[in-house]
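**Q** Sequence:
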Amino acid sequence: MKEKEASGSRSFFNDVYAVVKLIPRGRVTSYGAIARYLGTGMSARMVGWAMNAAHGKKGVPAHRVVNRNGLLTGKYHFDTPTTMKTRLEKEGIKVKQDQVQDFKSRLWDPAVELL
DNA sequence: GGTCTGACCGGCG
DNA sequence: ACGCCGGCCAGAC
Numbered sequence: 015m016k017e018k019e020a021s022g023s024r025s026f027f028n029d030v031y032a033v034v035k036l037i038p039r040g041r042v043t044s045y046g047a048i049a050r051y052l053g054t055g056m057s058a059r060m061v062g063w064a065m066n067a068a069h070g071k072k073g074v075p076a077h078r079v080v081n082r083n084g085l086l087t088g089k090y091h092f093d094t095p096t097t098m099k100t101r102l103e104k105e106g107i108k109v110k111q112d113q114v115q116d117f118k119s120r121l122w123d124p125a126v127e128l129l
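Read left to right, the first sequence gives residues 15 to 129 (our numbering).
Keep in mind the hints are simulated off the structure, nothing from the lab. Treat each hint with caution, since some may be false.
Just the calculated beta-carbon pair ranges, DEER-fashion [to be verified]:
1. 36 x 118: 31 to 39 Å
2. 81 x 35: 16 to 24 Å
3. 59 x 35: 18 to 26 Å
4. 25 x 110: 30 to 38 Å
Just so you know, even glycine gets a beta-carbon here, dropped at the ideal spot from N, CA and C.
With the hints as extra help, turn the sequences into a complete structure.
**A** This is the structure in structure tokens:
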């Protein structure tokens with residue numbers, strides 16, 4: 015019988031989900047921030063890929079994860095390109111033209127907040 | 001089983 | 001200051 019590495023999170027996909035779930039409402043984070051927190055560092059791309067798998071899963075607010083520029087890069091991956099913006103605004107985050115306002119202030123870096 | 005892409009980031013010219 | 005390219009990991013064809 016094979017176990018799925020129940021002891022801790024082996025797959026960083028699982029780690030990403032955990033971190034994203036911990037993102038407080040009204041706050042956003044970047045792929046690179048999560049990647050760095052997980053220790054992947056350069057593999058920020060995988061974080062976005064993990065989000066792809068996070069689709070359909072509940073508790074994984076992928077809409078709270080944006081790129082380094084605070085741009086809603088993955089908005090097109092949602093059901094509708096406006097879902098991400100709508101959700102963020104609903105949480106109190108101002109979004110203008112796919113860009114998070116006060117992104118730097120809204121940025122929730124796990125490597126810092128969870129330090 | 002090999003190859004390519006992919007919701008990024010950072011360095012270099 | 002801007003543009004391009006390389007890098008990392010994993011999933012899909």
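**Q** Would you list, in rising numerical order, the hints stated earlier that this structure does not obey?
**A** 1
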